Amino acid sequence: MSNRFLFCAFWFFGLGLYAQNFDSTILRSIHVNRNTNFDATFEHITNSYAVVSVGAPLVLYTAGLLNKDKQLQKEAIGMVESVAGAVFMTVALKETIKRDRPFERYPEIQKLTSAGGYSFPSGHTSIAFATATSLSLSHPKWYVIVPSFIWASSVGYSRMHLGVHYPTDVIAGALIGSGSAYLTYKINKWIDKKKKKEVL
Numbered sequence: 398m399s400n401r402f403l404f405c406a407f408w409f410f411g412l413g414l415y416a417q418n419f420d421s422t423i424l425r426s427i428h429v430n431r432n433t434n435f436d437a438t439f440e441h442i443t444n445s446y447a448v449v450s451v452g453a454p455l456v457l458y459t460a461g462l463l464n465k466d467k468q469l470q471k472e473a474i475g476m477v478e479s480v481a482g483a484v485f486m487t488v489a490l491k492e493t494i495k496r497d498r499p500f501e502r503y504p505e506i507q508k509l510t511s512a513g514g515y516s517f518p519s520g521h522t523s524i525a526f527a528t529a530t531s532l533s534l535s536h537p538k539w540y541v542i543v544p545s546f547i548w549a550s551s552v553g554y555s556r557m558h559l560g561v562h563y564p565t566d567v568i569a570g571a572l573i574g575s576g577s578a579y580l581t582y583k584i585n586k587w588i589d590k591k592k593k594k595e596v597l
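Here the numbering used here is used: the first residue of the sequence shown is 398, the next is one more, and so on.
No lab work stands behind these hints, which were simulated from the structure alone. Just so you know, these numbers come straight off a predicted model, no measurement behind them. Check before you lean on any hint, since a few could be wrong.
Estimated spans, in silico, between C-beta atoms of each pair [as the list claims (entries may be wrong)]: (1) 587 x 427: 38 to 48 Å; (2) 504 x 592: 50 to 60 Å; (3) 455 x 537: 19 to 29 Å; (4) 436 x 537: 30 to 40 Å; (5) 539 x 495: 36 to 46 Å; (6) 543 x 494: 24 to 34 Å.
We put the beta carbon where it would ideally sit given N, CA and C, even for glycine.
Could you build all of it, start to finish, from the sequences and the hints given here?
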């Protein structure tokens, strides 16, 4: 039993070291070798997560009110719920894992934008992907899906370019945001279906 436990402990320790080395290698290739002319551009992209994630549901809800379209209003509320779920999961994981930021560990990594708290997972990325996924599920058209995910992916990439997140932080953030939006969408669909059955 003790040998098996030691084997598992060493295996997980080795896996953690490998993941950290993978993370730092990829991050260095993105951040250290970056084109500094794009620093300001990526700062604008990274800050766009708040504008889009607040603006998109606000525009949808306002359009729903003006056109008396309850479906649009529901979609806006669903988007807010998706983002709230992503924020909750992200904060919970940050406080549980407590991973330091890359610029705190590696002197060659520069902090090029504001970043507080822990690193894993990326909050900006989780919120961006929650917004993009929610919008894409509500409006499954290529001209909605493609720009939405290009924008969300750009936010994720900007976090690495600016030296404030590891690749695995960004990947985890994308999965959390997309997962929160998908789960919210399915739950709201189930609630709507249940309400319709009760009316009948």
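Checked hints:
1. 587 x 427: 38 to 48 Å: At 40 Å between Cβs, range holds.
2. 504 x 592: 50 to 60 Å: holds (57 Å)
3. 455 x 537: 19 to 29 Å: At roughly 22 Å between Cβ atoms, residue 537 and residue 455 fall inside 19 to 29 Å, so the hint holds.
4. 436 x 537: 30 to 40 Å: About 35 Å separates the Cβ atoms of residue 436 and residue 537, which means 30 to 40 Å holds.
5. 539 x 495: 36 to 46 Å: holds (40 Å)
6. 543 x 494: 24 to 34 Å: holds (32 Å)
Of the numbered hints stated above, none is contradicted by the structure.
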